[in-house]
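Spelled out from the first residue to the last, the chains are:
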Amino acid sequence: MKAHFGPAQSGAYSLSRLTSKHKQAEKVVLEMQDPTTGVKLQPQRLVITTIPHAITGKQICLFYSEARSFGSMLVALGYIYPIQDHKRLVVKPDASLYRFQTPYFWPTQQWPVEDTDYAIYLAKRNIRKKGILELHEQEQYNHLHKWMNHKWDFIVMQAKEQYRAAKERKKPDRVVFDCQERAYWVVHRPPVRTHTCMFLSLQKTFMIFTQQSIMRPRVKSSVSIGALVKYCATYKGHDPFLSKCLPSNPWLTDDVTYWALNMPNVEIPTKMRVERWTFSFGELLSDPRGRDDFRLFLKKEFSGENLAFWEGCEDLKWGTAATMKEKAEQIYKTFLARGAPRWINIDGKTMEITVKGLKHPHRYVLDAAQTHIYMLMKKVSKHVSSDSQLEQNARNRRPSLSPIIIRQQEQEQKAKMAASAPVDITQLCRFTTPVPHLAVYSGMTDPPSANASPSLPFLAHTPACPSPISVALDSTSASERRAEASEGESEGNPEARASAGGNVSKSRMALSLRRLLKRGCTPSSMFASLSPKCNPAAGTSSRIQPISPDEPSQAPPRRIGNFFQIKVDIPPECRIYPIESEDEDEENRAVSRERVGTKEIICPWESLTPQNGTG
Amino acid sequence: MSRWHRSVDELAARRRQHECERAQDALSRVTSCFQQLVALVGSSADGSFLRDELDETRAVAHRICSGLSCRLLRSLSNSDFAPSGVQDRQVLERLWVLFLSALEHFLYDLRKACDLIGQFPLTEHSNRRSLVNTGCVDGVVGVAARVASVQLPWLTSEVEPSPDLTNHITGLETMMSEMQQRVPVAFWSVEATQPAWAEARGEPDDLVESLEDLMEVEVIAGSKKTACCGLGCVG
Chain A
1 MKAHFGPAQS GAYSLSRLTS KHKQAEKVVL EMQDPTTGVK LQPQRLVITT
51 IPHAITGKQI CLFYSEARSF GSMLVALGYI YPIQDHKRLV VKPDASLYRF
101 QTPYFWPTQQ WPVEDTDYAI YLAKRNIRKK GILELHEQEQ YNHLHKWMNH
151 KWDFIVMQAK EQYRAAKERK KPDRVVFDCQ ERAYWVVHRP PVRTHTCMFL
201 SLQKTFMIFT QQSIMRPRVK SSVSIGALVK YCATYKGHDP FLSKCLPSNP
251 WLTDDVTYWA LNMPNVEIPT KMRVERWTFS FGELLSDPRG RDDFRLFLKK
301 EFSGENLAFW EGCEDLKWGT AATMKEKAEQ IYKTFLARGA PRWINIDGKT
351 MEITVKGLKH PHRYVLDAAQ THIYMLMKKV SKHVSSDSQL EQNARNRRPS
401 LSPIIIRQQE QEQKAKMAAS APVDITQLCR FTTPVPHLAV YSGMTDPPSA
451 NASPSLPFLA HTPACPSPIS VALDSTSASE RRAEASEGES EGNPEARASA
501 GGNVSKSRMA LSLRRLLKRG CTPSSMFASL SPKCNPAAGT SSRIQPISPD
551 EPSQAPPRRI GNFFQIKVDI PPECRIYPIE SEDEDEENRA VSRERVGTKE
601 IICPWESLTP QNGTG
Chain B
1 MSRWHRSVDE LAARRRQHEC ERAQDALSRV TSCFQQLVAL VGSSADGSFL
51 RDELDETRAV AHRICSGLSC RLLRSLSNSD FAPSGVQDRQ VLERLWVLFL
101 SALEHFLYDL RKACDLIGQF PLTEHSNRRS LVNTGCVDGV VGVAARVASV
151 QLPWLTSEVE PSPDLTNHIT GLETMMSEMQ QRVPVAFWSV EATQPAWAEA
201 RGEPDDLVES LEDLMEVEVI AGSKKTACCG LGCVG
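Quick note, the sequences are listed as chains A and B, same order. Position one of the first sequence corresponds to residue 1 (UniProt numbering), numbered consecutively onward. Position one of the second sequence corresponds to residue 1 (UniProt numbering), numbered consecutively onward.
Keep in mind that the hints were calculated from the coordinates and are not lab data. Incorrect hints may appear among the rest.
No more than 20 Å apart at the CA atoms, straight line, and that leaves these computed lysine to aspartate or glutamate pairs for DMTMM-like [unchecked claim]:
#1 K146(A) / E191(B)
#2 K356(A) / E134(A)
#3 K327(A) / E283(A)
#4 K170(A) / D138(B)
#5 K359(A) / D94(A)
#6 K327(A) / E352(A)
#7 K87(A) / E31(A)
#8 K146(A) / D115(A)
#9 K171(A) / E19(B)
#10 K58(A) / E31(A)
#11 K356(A) / D115(A)
#12 K333(A) / E352(A)
#13 K327(A) / D367(A)
#14 K167(A) / D25(B)
#15 K167(A) / D138(B)
This structure is a prediction, so every number in the text was calculated from the model and none was measured.
Go ahead and model the full structure; you've got the sequences and the hints to work with.
Right, here's the structure in full:
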């Protein structure tokens with residue numbers, strides 16, 4: 001632990017070292033001070049006194065045309081601080097009060113944030129609060145006391161003197177200074193939560209990002225190129241320009257049949273479209289048609305509330321700000337509250353964070369819960385037998401409705417679903433009959449019912465590499481890519497569909513699935529038990545090897561089938577894996593606290609050690 | 001050396017030690033007042049009075065630092081001869097480490113002050129328009145008085161002209177590097193004299209007000225204002 005009293009840097013702290021972001025922020029802050037064109041100030045009335053120069057969130061937003069995000073940046077960086085909800089560095093466009101931070105506490109780059117100062121601050125708080133500090137502050141205190149033990153006497157002495165000096169100020173000024181100091185440390189030493197849901201300020205995001213970039217595990221280019229190749233191989237057949245598009249490529253000819261066959265609400269999806277759903281859970285969910293089928297399936301299993309919750313979260317994220325609060329409340333009442341009509345089963349910790357966050361709802365307050373449910377549904381989608389609308393391909397219909405009518409239909413359907421009771425099971429018979437020539441086996445089926453063809457484990461995924469492609473994959477909307485229409489014959493497609501028979505008994509599947517859902521297990525345990533290949537960093541021991549033709553005996557027998565029963569005959573050198581590594585990585589990160597040996601998010605100040613010249 | 005000589009030496013050493021300790025306290029006091037003043041630079045409470053007070057405080061700090069560094073250097077360089085014992089040396093080393101920490105901390109504030117004064121020059125009246133409205137209005141008379149109350153034997157006797165801000169910074173930096181070169185003190189051998197959390201039990205004579213108490217919002221009848229600033233936690 002090298003420490004030295006730094007004389008360090010000569011006094012050449014030029015303003016040119018400011019980052020452009022800070023420069024811009026300071027410029028705006030100074031503009032806001034103008035008595036005529038600046039932000040309107042108002043007094044803050046306290047019991048003991050009145051303090052001037054407060055501003056409302058609304059006024060911050062009004063000041064600048066792109067204000068909402070810029071105002072948030074000002075607060076996140078620390079140029080403006082909230083008076084009331086001081087720990088949340090966000091701009092609320094209402095009457096919440098804020099104040100300008102004094103230039104002494106501005107976050108300029110040439111004044112590194114010193115641990116000595118933080119130690120003095122904590123000691124001061126200790127004096128005032130008689131030892132009752134917050135948990136993260138206590139931890140920091142103990143850590144600093146150990147690390148700075150040699151100057152601890154100075155720290156305590158300075159804290160006492162600062163405390164006494166502050167008392168020489170008049171009370172309103174003293175309150176202001178205390179608020180300023182507190183706000184400074186909220187920005188620079190925020191409590192780091194290890195839960196999945198972290199609300200990072202912009203500055204902290206930047207610091208953590210750069211540090212994690214440094215620490216990110218490296219991947220060989222051969223591996224990432226391999227992922228790229230796999231992606232191309234997977235999606236090549238679905239690209240209308242790279243492969244033959246039936247009946248014809250509407251972008252080249254004027255025949256819009258292709259689009260008509262692949263409209264969002266088409267009754268019978270095309271074979272290629274359904275095949276796309278097998279690529280990843282994200283594909284299934286982003287295609288409204290796939291989502292419909294999945295919803296119906298979940299309804300059948302009495303777990304449609306998961307999808308409904310997921311959709312509610314999406315609605316909250318992308319909806320208007322005005323409706324956000326009511327939506328959040330609605331979602332809470334419907335899905336999260338005790339005894340709610342469509343209660344979803346999420347683990348205790350996630351529930352705790354979510355409920356806590358709902359006290360001050362914002363767009364992303366349900367992210368943690370939504371991710372949990374997403375993972376849950378993803379597991380479900382792999383273990384559910386289905387499906388047969390593929391047999392209906394022969395009966396393709398050709399609707400030609402205008403977009404307006406389509407939209408109306410969508411709204412009506414939404415309304416209908418919101419009001420409907422659980423679906424009558426008899427209506428779902430079309431999901432139960434498998435298509436003989438379109439069945440595929442993952443390693444998940446019973447060995448006796450498997451046939452001789454090579455099986456394709458859907459849960460196999462690429463070696464752990466956060467491939468950027470999968471990010472692109474998830475974000476591509478399904479409406480942009482439509483599968484080829486087919487008339488039930490295999491095309492000149494290298495992945496020709498071969499036939500195979502067999503399916504899995506439905507009752508066994510239904511039972512185990514219900515158990516799966518009701519168990520409400522955490523994603524980590526589910527993942528560990530079901531995934532064929534865990535992340536190498538994971539410390540779990542229940543690893544399941546992917547099935548290959550050579551080693552069929554390695555797979556533990558599973559009694560559940562798949563949502564999809566598409567058979568794909570693939571030459572071994574061209575395996576298609578659904579590219580889900582991004583999701584798995586996210587999930588792994590989310591549960592990293594439960595695993596041994598994975599990296600946790602490093603607090604920015606821990607790596608600032610070499611910069612702090614003090615010992 | 002005779003016993004009488006030894007005891008005189010010991011007394012002298014003890015006196016020097018006490019002097020240094022008091023000087024250290026004084027330095028802490030002055031630098032914390034300096035911090036209160038610098039926190040107002042660039043804000044709506046900035047003005048010529050504040051700038052003058054900054055210079056005054058800086059000058060006092062400068063005198064304390066010069067005197068203290070001299071004495072510490074002298075004591076630690078000479079203590080090889082005096083048989084006063086390991087314990088005295090330890091105390092002096094502790095003071096040494098504390099002084100250097102204080103210097104570093106003060107330098108940090110000085111650099112901030114230098115930048116802020118550069119960024120907010122008050123040379124013209126129009127400069128006042130860009131001062132940040134932070135909510136502070138009052139002057140710092142109390143703080144200035146606190147600085148003036150510092151008393152040390154050499155403050156009045158060893159008066160030298162105080163440097164301007166930039167020179168002050170460079171002067172301190174030079175002082176620090178010089179001190180570290182001349183006396184090799186193992187800072188890691190110094191330990192805190194009080195345990196962790198000890199300061200929480202101190203200060204029985206003050207009425208300690210928490211920030212939540214001070215921030216209590218006026219409850220207007222019929223309005224939805226909450227009684228407290230919404231901290232609901234350790235403020």
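Evaluation of the provided hints:
Proposed proximity of K146(A) and E191(B) is supported: the alpha carbons are some 10 Å apart, at most 20 Å. Simply put, K356(A) and E134(A) have alpha-carbon atoms about 17 Å apart, close enough for the 20 Å limit, and the pair holds. Between K327(A) and E283(A) the CA atoms are separated by roughly 26 Å; this puts the pair beyond 20 Å, and the hint is violated. For a cut-off of 20 Å, the pair hint linking K170(A) to D138(B) stands: about 7 Å separates their Cα positions.
In summary, the hint linking K359(A) to D94(A) is supported, as the alpha carbons are separated by about 16 Å, within the 20 Å threshold. Between K327(A) and E352(A) the alpha-carbon distance is near 19 Å, which keeps this suggested pair within the 20 Å criterion. For the hint linking K87(A) to E31(A), the alpha-carbon distance of about 26 Å lies beyond 20 Å, and the restraint is violated. Note on K146(A) and D115(A): the hinted pairing holds, with a Cα-Cα distance of about 13 Å set against a maximum of 20 Å.
As the CA atoms of K171(A) and E19(B) are separated by approximately 34 Å, the hinted pair breaks the 20 Å bound. Between K58(A) and E31(A) the alpha-carbon distance is near 17 Å, which keeps this suggested pair within the 20 Å criterion. Only pairs whose Cα atoms come within 20 Å are accepted, and K356(A) paired with D115(A) is rejected, the gap being roughly 31 Å. Restraint check for K333(A) and E352(A): the C-alpha separation of about 15 Å stays at or below 20 Å, so the hint holds.
With a C-alpha separation of about 14 Å, the suggested pair K327(A) and D367(A) falls inside the 20 Å cut-off, and the hint holds. About 17 Å separates the Cα atoms of K167(A) and D25(B), which keeps this hinted pair within 20 Å; it holds. Taken as a hint, the K167(A) and D138(B) pair is honoured in the structure, with Cα atoms around 13 Å apart against an allowance of 20 Å.
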